[in-house]
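Chain by chain, the residues:
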Amino acid sequence: MFLLPILLAFRGAEADAALIVRLQRREPQALAELYDRYGRIAYALILRVVRDTGIAEDLVQETFLRVWNRVQAFDAQKGAVGPWLLAVARNRAIDYLRSAGGRERNNVEFEETDHPSLYTDMEPGILASDKARVVKAAIEKLSTHQRQVIELAYFEGLSQTEMAERMGQPLGTVKTWVRAALKVLRDELGAQAVSA
Amino acid sequence: MNCSELRDHYEMYAMGLAEDPERDEIRAHLDRGCEVCMPEMKRARETVALLSGTPAPATPSPKLRRRILASVGVEQRGFGWAPFLAGSTVMCLAAAIYFGGREWDFSREVVRLTQQSRAQIMELTRLNEAFALMNGADTTVTSFGEKKPVPKGKLFYNPSMGALLIASNLPQAPAGKAYELWLIPKAKGASPVRSDMFQSESDGTVMHLIRGPIDANATAALAVTMEVESGVDAPTGSILIAAPLAPAIQ
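In order, the protein sequence lines correspond to chains A and B. FYI, the working numbering numbers position 74 of the first sequence as 74, with every residue one higher than the one before it. FYI, the working numbering numbers position 235 of the second sequence as 235, with every residue one higher than the one before it.
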């Protein structure tokens, strides 16, 4: 079920390069096409983080405007705009959570998404439909605690210390779960990403 | 730290979980374009990016697309203001037709009420005149037709104001016919003088006012015959009413 957004959003990934060129020419219709391609998945991602439809829509708008304003730094010849757009979407959502919760923002992540060139070397088909099945399989291989720390980190932007507090577990235990979870994902997904 | 020591930290860095000193080390490696760390970082970012597709599907409202495009100055075609404007135009036309028809109805109603009001004013004036004559100091009253079944009534006479004929049991004049009132002179051999034309009400009654002074010394009575609507110079029909003038007592 959760594979559908990926399938829909990245079906046209190969056309991203042309779309990026048009965005850089400031063609408003290109923004419409970008939204049609990635709007739903960006919305689903942000909604998963903030869990409020109105706020999610505001943050999706903010995400697309940010991409519109910073797309000049994107190298259209190198890859897909999707991973960068979704990174921006996630960071906008987590930034909102942190602001609402009185937590500090993670400056490293924000600095990175402000530099789309860091994402341009990703493969255009990184999130293609065949990858979606692998993602599901990889997540199913995680233990309950491993899956929990990945979700807390990715969808709530918690640091390991914050996760330890939230879960009531020693920091060392949480770090172990995190490292183990990321190793599973690296082994299961990393090879897929590289071979894409 | 060397690159192999950083290997377990690329995903943590990509996810925002890396802590110092590993975080600073990775940044330093990336800043100098480390040939080992750059592709590893690319792989780590791709791994993390794959997680973005895992939330349950959700669909934003259709308005969001319009909001985003409007924020960069794009006006939506099709479902923009056009349906609203079209709807407004249709409503305006319907309103114009409706209120145009209502205005026509109102105009007709105003004309009807004006005519009704005018008729009522005329009738009121006539009644005022009749009452004034009936209450006049010099007014005398004579009855007529008391011994006959039809018609009968009273004649109020005032030398300066005129006369008021009130009668009942007058048969309805057929089409093209009307009642004609005559002044019957006292002088022998003199012809009746045309006075006025009138119609009776549907119930056979009439209240007819003859305005202006009538010389009682020269007029013996008032008479009524039925004639053609346009009137005749000399009576042709039989006398239906004959009411003598009763001069005021000096």
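Hints may be right or wrong, so weigh each one.
[What the hints assert, rightly or not] Covered stretches of chain B, as calculated for chain A (at least 3 residues, CB under 8 Å):
(1) 44 to 58
(2) 67 to 73
(3) 213 to 219
[Stated by the list, open to error] Here are a few chain A residues that face chain B, going by a calculated C-beta distance under 7 Å:
(4) Phe-64
(5) Leu-65
(6) Leu-152
(7) Ala-153
[Claimed, not checked] To spell it out: a stretch of chain A is covered by chain B in this simulated footprint if at least three of its residues, at any positions, have a beta carbon under 8 Å from a beta carbon of chain B; those stretches are:
(8) 54 to 61
(9) 170 to 184
These are calculated hints, taken from the structure and not from any lab test. Quantities reported herein were computed from a predicted structural model and do not represent experimental measurements. Ideal Cβ placement from N, Cα and C applies to all residues, glycine included.
These are the hints, each one checked on the structure:
no., hint, in the structure
1, 44 to 58, "holds (count 15)"
2, 67 to 73, "holds (count 6)"
3, 213 to 219, "violated (count 0)"
4, Phe-64, "holds, 5 Å"
5, Leu-65, "holds, 6 Å"
6, Leu-152, "violated, 10 Å"
7, Ala-153, "holds, 5 Å"
8, 54 to 61, "holds (count 4)"
9, 170 to 184, "holds (count 4)"
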